[in-house]
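*Asks:* Each chain, written out:
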Amino acid sequence: MTVLISFDIDGTLEVGDPPGPLTMDMVRLVRDKDFLIGSCSDRTLSAQRAIWADHDIEVDFVVGKHMLPDVKAQFEADVYLHIGDREDLDRQYALKAGFDFLWPDEAVAHPHFQADS
Amino acid sequence: MTKQGVEPDDFSQPFWDAANEKRLVIQNCVGCDRLQHPPTNTCRDCDDGGPLEWKQVSGRGTIYNYGVVHDCPVRLLQQDQPFNLAIIMLDDDPGIQMYSHLPGVAVDEVPVGAAVEVIFEPSANGQLVPEWRVIAD
Amino acid sequence: MTTPTAPDAMYRNDEGLGIWEHRGKVAAVGVGHAPTSRRWDGRPETCVGAITIDALRKAIDDAGVPPDQIDGLVVVPVTTTGAFWEAGKPLPMDVIQSFQQTDDPLDGIAKLSAEWLLANMPELTNVKFTMYGPGCMSNALNVTAQAVGDGLTHTCLVVKSWHNFEGRYYQGGANAGDALPGTPAITQLWGGPASYSTALQFAEYCRKYGKTHDMMAPFMENSRRNGLRFPEGYWAQHRPEELGPEDYLASRWIAKPANLFDNDIPIMMSGAYLFSTAERAQDMKQPPVYILNHASSNTRPRSLVPTLDEVEADTARTGRKIYEGAGITADDLSFENMYDGFSLFHQFHLEGLGYRGIGFGDALDFYQTDISIEGPNPVSPSGGNVGSGRSRVWMHTDCIQQLQGRAGARQVTGVKPEVGVSGGPMPLGGNYTVWSASPD
Chain A
294 MTVLISFDID GTLEVGDPPG PLTMDMVRLV RDKDFLIGSC SDRTLSAQRA
344 IWADHDIEVD FVVGKHMLPD VKAQFEADVY LHIGDREDLD RQYALKAGFD
394 FLWPDEAVAH PHFQADS
Chain B
104 MTKQGVEPDD FSQPFWDAAN EKRLVIQNCV GCDRLQHPPT NTCRDCDDGG
154 PLEWKQVSGR GTIYNYGVVH DCPVRLLQQD QPFNLAIIML DDDPGIQMYS
204 HLPGVAVDEV PVGAAVEVIF EPSANGQLVP EWRVIAD
Chain C
5 MTTPTAPDAM YRNDEGLGIW EHRGKVAAVG VGHAPTSRRW DGRPETCVGA
55 ITIDALRKAI DDAGVPPDQI DGLVVVPVTT TGAFWEAGKP LPMDVIQSFQ
105 QTDDPLDGIA KLSAEWLLAN MPELTNVKFT MYGPGCMSNA LNVTAQAVGD
155 GLTHTCLVVK SWHNFEGRYY QGGANAGDAL PGTPAITQLW GGPASYSTAL
205 QFAEYCRKYG KTHDMMAPFM ENSRRNGLRF PEGYWAQHRP EELGPEDYLA
255 SRWIAKPANL FDNDIPIMMS GAYLFSTAER AQDMKQPPVY ILNHASSNTR
305 PRSLVPTLDE VEADTARTGR KIYEGAGITA DDLSFENMYD GFSLFHQFHL
355 EGLGYRGIGF GDALDFYQTD ISIEGPNPVS PSGGNVGSGR SRVWMHTDCI
405 QQLQGRAGAR QVTGVKPEVG VSGGPMPLGG NYTVWSASPD
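One line per chain: the protein sequences are A, B and C, in this order.
Those letters in the first sequence? Residues 294 to 410, by our numbering.
Those letters in the second sequence? Residues 104 to 240, by our numbering.
Those letters in the third sequence? Residues 5 to 444, by our numbering.
There's no promise every hint is true.
[Said to hold, decoys possible] With a straight-line Cα cutoff of 20 angstroms, these simulated EDC-like cross-link-like pairs (lysine to aspartate or glutamate) come out:
1. C:215 to B:183
2. C:212 to B:220
3. C:215 to B:211
4. A:389 to B:151
5. C:29 to C:369
6. C:212 to B:211
7. C:29 to C:283
8. A:389 to B:183
Honestly, the hints are just simulated from the structure, not real lab data.
Chain A extracted, bound-state conformation (with noise of 0.2 angstroms):
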């Protein structure tokens, strides 16, 4: 199964500002699960780049929060799933664009961030 992760910085990545609980060993730990990976960001694509590339993580999107439609047109998956900590820029976007949405929280609970599963 096919798993697509996008991922909000600001809020929901420890990188972010404010700081979010998903730390970037979490993002690896997917990403080392063959997940697709990327993220969505009101940041800049070059600063999204810049954060990822500084952490050395490869991923295989970096978009603006409205974007989420692109990002489902380009990639083939079975699961398209978005994180992200407001309600109108992150999860009405996301299931406008067809994704399954999760809080930051929720996420760092969820089985695709824990290493056995």
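Place chains B and C on chain A using the hints.
*Replies:* Chains B and C alone, transformed into the frame defined by chain A:
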């Protein structure tokens, strides 16, 4: 799109009462016979500030300009994003503008310059609110 | 002491007033900025009152003036346009108890009074003149320059600060409710974001002159580049991210044709200056920057949003007022720092000034040329709000620092910095200052 409800106050009561009767009224200065919108307590042009009245207008206008709202601060409207938000200029006085969501017009396909006529749509609490629709050729 | 709001007579709103009567006799010397942050973290030492005190003390120190020689204080009392303390939200008593509080418990937290500042800056023992210049630093500067020129104060501080709380601008309060009171409902039911009106003016501009939103990209890139060289600014301090054309053009719309980066990022900040008479300023620690003129616009649109015709008529009128009172022409401007928050109206200011000879409809083409600080036609060397976050202050700080020759990595090099202009906010209804390295 359902707009927030309206709770008329003393000042705005005539505007909203007229809307419920499907009439569009605009504030007018009796002294200088000049419309003004948005309404205020005094005439902006007369030294003595008025007197002011609510004047029924034709309900005809043209689309002057528009934008497309993708990130709206009003919670009730967020579910309808993106949506058109146009400026209508009244035929009675093209200097007078009113907002419109242009019901029936596809997002970002707004015919600037097209003729429109006023309609009245219920808001969340049933108060009728002036809106505008394009007049078919 | 109750602080009055500046009377209309202190602003130069009209054409035909001639040379400003205090031209070259008032000077800015000291500059102070507090560290920026994205949002208030709830601590007493980072509340808007505390950072304002920090900025004021830095401005005093920068000018090298003993605090007891300061006899005036001009304050912008409002410290936000869209981040309000929610009704019923508990007051932060630990913060309130950390300061000498006025009767208003949100003073120093969500607003600022001169009384609060004086109560918490005991070193200011000789302040006899206080006044509010409501709105922006641009207003307050006009008031300060006029007050010093009129002799109401001799050595005067002026300060503008911004607070920012959790949550998004404008999303709470009435906008979150199910109904609106009838009078505001007449205009607010349709839900236009703050940048909507500017977006419409820009849309009309593009239709009239055959321009596109993409043509803004060089201006945005240049502004952020300059802002990243502004060590007092938000982006330089916290997120040194460039804003290239791909970054800008890929951004989501807020109110098309205004996108996310056409809207400035709200922050916590405070900026302060020390003004004095040109004569007294000679003995201070920094070189004086002389005020050649201040000008204002009190024009209002006829109806809901300004039309392009109204914008162009008023920016042209503003340009004439700026030059008339300063006794200069557009050719005398070394650089410009007109307001940019929202970015889509900066070109209206430029065209109204006739900066570098451009006319209506020319600015976006001008943006495609060399507008860098190294070139002959520097545009917004401060980087403005695009470059450093929402403050409406950077443009003024940059004018002072450019003319003092201490703008650091931002210093213009393609022209000799002799005369600059700054001000805003909107094309209709702004306040402007003409700054000069020389009183003549």
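*Asks:* Compare the structure with each hint and give your call.
*Replies:* Okay, the hints, checked on the actual structure:
1. C:215 to B:183: violated, 29 angstroms
2. C:212 to B:220: Not satisfied, since the Cα-Cα distance of roughly 25 angstroms exceeds 20 angstroms.
3. C:215 to B:211: Within the cut-off at roughly 18 angstroms; holds.
4. A:389 to B:151: Given that 20 angstroms is the threshold and the Cα spacing comes to 54 angstroms, the pair is violated.
5. C:29 to C:369: It is violated: about 38 angstroms lies between the C-alpha atoms, which goes past 20 angstroms.
6. C:212 to B:211: holds, 18 angstroms
7. C:29 to C:283: holds, 7 angstroms
8. A:389 to B:183: Given that 20 angstroms is the threshold and the Cα spacing comes to 11 angstroms, the pair holds.
Hint compliance for this structure: hints 1, 2, 4 and 5 are not met, and every other hint is.
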